[in-house]
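Construct the entire structure; sequences and hints are all you get.
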Amino acid sequence: MFAKCSFLLIVIAASSLQVFGQAAPNTAAIPATTSAINSAQPLSQRIVAYDIDAKYDAKSHSLDGAETLTYHNTTGQPLDTFPFHLYLNGFQPKATWVREAKQNGTRDETLDKWETKYYGLDEIKSFEVLGQGDLTSQLQFIQPDDGNKDDHTVVQVHLPKPIPPNGFVQFKIKFRDQFPETLARTGWKRDFLLAGQWFPKVGVWWHGAWNCHQFHGTTEFFADFGVYDVKVTVPQTEVVGATGVEVSNINNPDGTKTLTYHGDDIHDFAWTASPHYKILEDEFQGSMGPVKLNVMMQPAHWSQAERHARVLKETLDHFERWYGPYPYKTLTLVDPEVGSAAGGMEYPTFITGETNWWMPGGLLLPELVVEHEFGHQYWYGMVATNEFEDAWMDEGINSYTEVQVLDSIAGPNTSILNQWGITAGERELQRQGYIGVADLDPIAQDAWKYFSFNSYGGITYGKTASVLLTLEGIIGEDTMQKAMHTYFMRYRFTHPTKEDFLKTVEEVSGKDLRWYFNQAIYGTQVLNYEVLRTDSSPVDWYKKEFKEKKGETEYESNVWIHRKDDFIFPIDIEVKFDNGEKVRERWNGQSRWIRYSYQKKAKLESVEIDPDSKILLDRNNFNNSHTDKANSAPVRKLANYWTFITQFLAQMLAWWMV
Amino acid sequence: MSEKKSLLSAGAKIAGRNKRYVIWFYLLNLTLASFGAAAFRNQAHAILDHSLYADKLLHGFHLIVLLELLARPDFGPTNASTMPAFYFALLFFLATMLFLPGVLLGYASDHRLPRYEFYRTCGQNIWRFVRLFLFFVIIAGPITGILGAAKNALAKAADQTSNERLPFFTQLVCLIIIFLVLTAIRIWFDLAQTRVVIRDEGKVRKSIAAAYRSMKHQRVRLLGSYVLIAFLAVIALIVGIWIWIKIVPAASVLGAFIVGQVILLVWLAARFWQRACAVAFYLEYENETPVETLSVPETVAPIMPGAQPSPAV
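Residue numbers (my numbering), protein chains in the order written: chain V, 1 to 658; chain W, 1 to 313.
A few of these clues could be false.
Claimed, not checked - Taking CB as the label site, the calculated pair distances span:
(1) V:Lys-278 to W:Phe-179: 33 to 41 Å
(2) W:Phe-179 to V:Met-359: 21 to 29 Å
(3) V:Ser-613 to W:Ile-243: 30 to 38 Å
(4) W:Trp-24 to V:Lys-278: 57 to 65 Å
(5) W:Val-130 to V:Ser-632: 51 to 59 Å
(6) W:Gly-60 to V:Glu-507: 37 to 45 Å
Said to hold, decoys possible - Subject to a maximum C-alpha distance of 25 Å in a straight line, what follows is the list of computed BS3-like cross-link-like pairs (lysine-lysine):
(7) V:Lys-113 to W:Lys-151
(8) W:Lys-156 to V:Lys-113
(9) V:Lys-629 to V:Lys-576
(10) V:Lys-102 to W:Lys-156
(11) V:Lys-629 to V:Lys-603
(12) W:Lys-13 to V:Lys-117
(13) W:Lys-156 to V:Lys-189
Hints in this document: simulated from the structure, not taken from any laboratory. Even glycine gets a Cβ: it sits at the ideal position worked out from N, Cα and C.
Take a look at the structure:
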């Protein structure tokens with residue numbers, strides 16, 4: 001029996017090797033290295049291992065690369081098809097990215113005119129599968145999202161022999177990149193390079209299917225965790241920074257140098273090169289170990305290096321205390337070339353900031369960008385949501401934590417601007433982004449399906465932040481923080497879905513919040529309450545001898561509150577009387593309007609909806625209150641500014657023309 | 001330096017003696033701008049007067065709240081308030097063109113100009129000033145265009161380098177050059193206007209040519225005076241705005257109004273000072289050079305040493 005079984009097993013094993021192709025753990029496996037993290041054990045389920053050798057030609061902004069990708073089939077089923085992202089091909093005139101960017105706008109440059117310098121290319125020169133031969137001729141471009149045949153951002157290969165469950169496959173890919181002058185995120189500007197999304201990158205097997213979307217004007221990225229070993233060869237004059245830890249830096253006889261980097265438990269790799277960088281090295285003592293901070297500044301911004309390092313450390317500190325530990329050994333902050341459209345971007349352990357040489361101290365835009373991009377180390381880097389389909393889960397949740405952190409660092413009303421008496425807070429800024437596009441798109445939507453780039457930005461960033469800030473008002477600030485911490489700790493190094501997040505909040509708060517999520521996350525309902533009318537009249541108004549006397553005359557006061565739009569939300573209302581008395585009401589908002597009546601020896605002074613300013617989602621804050629007496633001082637103040645500007649312009653016109 | 005000083009002080013004396021013109025123009029400027037701001041005021045009243053949220057605009061200046069106000073559909077389109085402001089600014093420009101001849105004659109007089117004389121001069125020079133304006137546009141327009149294009153080209157070239165400050169300073173230097181060139185053209189036409197009014201010169205081209213000749217001889221002195229006055233005006237503007245921001249309480253509408261208006265009054269006075277310098281220069285220059293055979297209005301005679309009274313106007 002045993003002999004028969006053994007024989008059968010040998011036959012099955014032999015045939016499965018033939019059917020499933022190479023499954024050779026000796027030659028192909030994912031390394032269990034931990035040299036780039038402050039942990040003795042790997043932190044993620046490592047699906048991929050990229051080993052890349054890249055030579056960059058700074059003159060032509062091109063790169064020749066050799067990539068060995070080891071993929072671990074953890075899908076539980078045999079895989080014979082593998083899709084790969086070739087993101088740089090998005091920067092071609094007929095590609096979907098350019099088409100959408102032209103139509104709807106982009107985060108950076110306007111595309112009024114196409115120029116050859118914008119051309120990007122990620123060309124596979126050869127494609128070999130270990131044990132299955134050269135499959136270059138089998139590669140096929142696919143367009144799963146829009147069928148645009150001119151879009152070459154996803155390529156697919158069909159393997160003759162499937163990869164069995166728990167098997168490994170190794171791809172050996174030779175490729176050539178042509179970097180564009182940066183239109184968004186990646187490319188060159190003058191002698192600067194930011195190499196992002198620059199190598200063929202396998203899709204993610206997610207919920208029983210490959211998830212490998214085309215590159216769109218609004219979308220970002222999605223990839224599996226793994227290990228990266230990358231060699232970059234550049235001219236010796238270049239100063240280089242990259243994802244992960246630097247392993248070696250060797251000068252070559254031909255005037256180039258080769259830098260080697262290693263990254264653990266990450267899902268992307270980016271690097272930058274410029275002859276001009278000045279580097280500030282710093283360290284943050286994290287809860288899992290020290291984090292080496294490299295702040296790579298443009299020479300003209302060197303005076304702001306400390307400013308960048310300071311906000312980076314403050315942000316790290318807040319994230320560690322509020323959400324969870326930062327486990328990586330490095331964090332590189334890059335201040336990219338001005339005008340490069342590469343600022344404000346996140347990659348694992350590598351972020352880009354944005355500033356100018358004249359940046360005043362009271363304008364906290366560098367702080368905003370650094371905080372935001374660092375936040376992505378958590379909401380994208382570790383909690384690796386699908387940025388194509390759930391952009392709100394990285395950008396939106398990150399915008400929410402950005403408000404919290406910046407409020408804590410720089411004050412709620414001054415976290416963006418506090419200069420020359422003018423102030424602006426991040427909280428209001430996020431809300432402002434949303435209210436202009438409030439009814440156009442839901443939050444839960446594929447990122448490339450938004451009405452416009454403004455709508456994508458306003459909803460994904462602004463609305464999500466406002467929804468979560470409003471949620472704080474429902475479940476309490478402490479509970480919300482606890483929910484965020486739980487969500488991070490539970491889903492770090494995984495790919496959670498929107499329901500994973502929403503259910504975590506419900507679980508931690510112990511509340512059924514579907515009524516809210518259905519409207520705020522899944523719906524396009526607009527929240528807008530107003531004080532529709534107020535009225536305060538003496539009860540004895542009809543009597544001939546009647547005379548009003550403060551404190552003695554009895555008034556009947558009425559207040560009408562109106563739900564103007566379709567978002568139903570319970571609200572608090574504060575009614576104030578001229579004797580100082582305050583009355584609080586709570587309305588569930590179910591009906592279209594409600595009236596509150598009072599009979600008191602005091603006249604109505606003011607009515608205010610949401611007196612504690614907990615509802616960030618209300619589209620119009622001006623109609624949330626009504627005072628009995630008009631106060632024209634704000635208008636006079638603004639009109640004074642307006643008059644001043646008009647006078648000045650009139651004088652300037654007359655000064656030069658007559 | 002002493003010459004420049006004397007021109008500045010001569011101009012200051014003339015402008016100081018005729019303060020009323022600055023005051024009248026200032027009042028006109030304020031009145032028109034108030035009309036120009038009326039639409040904005042009306043749009044804002046309906047939203048802000050009974051709203052507690054408006055308090056954020058009074059006690060401090062919350063930029064986002066202002067943007068939210070301007071974006072409100074019930075506030076109306078922003079051009080509903082910007083266009084009236086533009087129209088009233090244009091009206092002030094036209095009013096300046098209309099009344100400037102009277103001012104120049106007043107500056108050239110050693111006595112207070114009778115009202116009828118002021119208006120008569122204004123009326124008499126309307127078409128001449130329109131023509132001067134057209135000539136100014138014909139000359140200054142292309143020059144500004146060429147200089148602007150050169151500025152853009154240089155800035156673009158500077159942008160190719162990695163020196164981030166270079167494009168900015170290139171633009172700054174170019175703007176200073178444009179400012180100086182335009183100031184020189186302005187001086188030229190200020191002198192031409194002065195000549196047209198004082199000589200009652202109907203042929204404006206002749207005045208433009210003569211003004212060019214006179215300016216050419218002492219361009220550094222004139223340019224120096226104009227630039228110095230403009231520099232003082234900019235300093236006054238900066239100091240005024242600093243006081244506005246740092247000293248005036250955010251909620252003090254009256255305080256902000258007073259500071260703002262003082263700035264504008266000083267700014268306007270600076271321009272009138274420049275014009276007074278042009279008049280002083282013209283009078284001095286004409287004294288030193290042979291007087292052309294041109295008729296001069298009777299009313300102007302007392303301030304024209306050496307000039308012959310005209311037989312009839």
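Can you tell me whether the CB distance of Val-130 of chain W to Ser-632 of chain V sits inside 51 to 59 Å?
Once the Cβ atoms are compared, 42 Å apart, the range 51 to 59 Å for Ser-632 of chain V and Val-130 of chain W is violated.
Can the suggested window of 57 to 65 Å be confirmed for the beta-carbon pair Trp-24 of chain W and Lys-278 of chain V?
holds (58 Å)
Per the hint of 30 to 38 Å, is the separation of the Cβ atoms of Ser-613 of chain V and Ile-243 of chain W within bounds?
holds (33 Å)
Regarding Lys-278 of chain V and Phe-179 of chain W, is the given constraint of 33 to 41 Å on their beta-carbon distance met?
At roughly 35 Å between Cβ atoms, Phe-179 of chain W and Lys-278 of chain V fall inside 33 to 41 Å, so the hint holds.
Taking the beta carbons of Phe-179 of chain W and Met-359 of chain V, is their distance inside 21 to 29 Å?
holds (26 Å)
Does the alpha-carbon distance linking Lys-629 of chain V and Lys-603 of chain V stay inside the 25 Å limit?
Satisfied, since the Cα-Cα distance of roughly 11 Å is no more than 25 Å.
Given pair status - Lys-189 of chain V, Lys-156 of chain W, alpha carbons within 25 Å
At roughly 14 Å apart (the allowed maximum being 25 Å), Lys-189 of chain V and Lys-156 of chain W satisfy the hint.
Has the given pair, Lys-13 of chain W with Lys-117 of chain V, been kept, meaning a C-alpha gap of at most 25 Å?
Outside the cut-off at roughly 61 Å; violated.
Is it true that the CA of Lys-113 of chain V sits at most 25 Å from the CA of Lys-151 of chain W?
Between Lys-113 of chain V and Lys-151 of chain W the Cα gap is close to 22 Å, so the pair holds against 25 Å.
Would you mind confirming whether the straight-line C-alpha gap from Lys-156 of chain W to Lys-113 of chain V stays at or under 25 Å?
holds (17 Å)
Pair hint Lys-629 of chain V and Lys-576 of chain V, alpha-carbon separation not exceeding 25 Å
Cα-Cα ~12 Å, so holds.
For a C-alpha distance cap of 25 Å, please report whether Lys-102 of chain V and Lys-156 of chain W respect it.
Within the cut-off at roughly 24 Å; holds.
Figure legend: structure checked against the earlier numbered hints; hints not met, in rising order: 5, 12.
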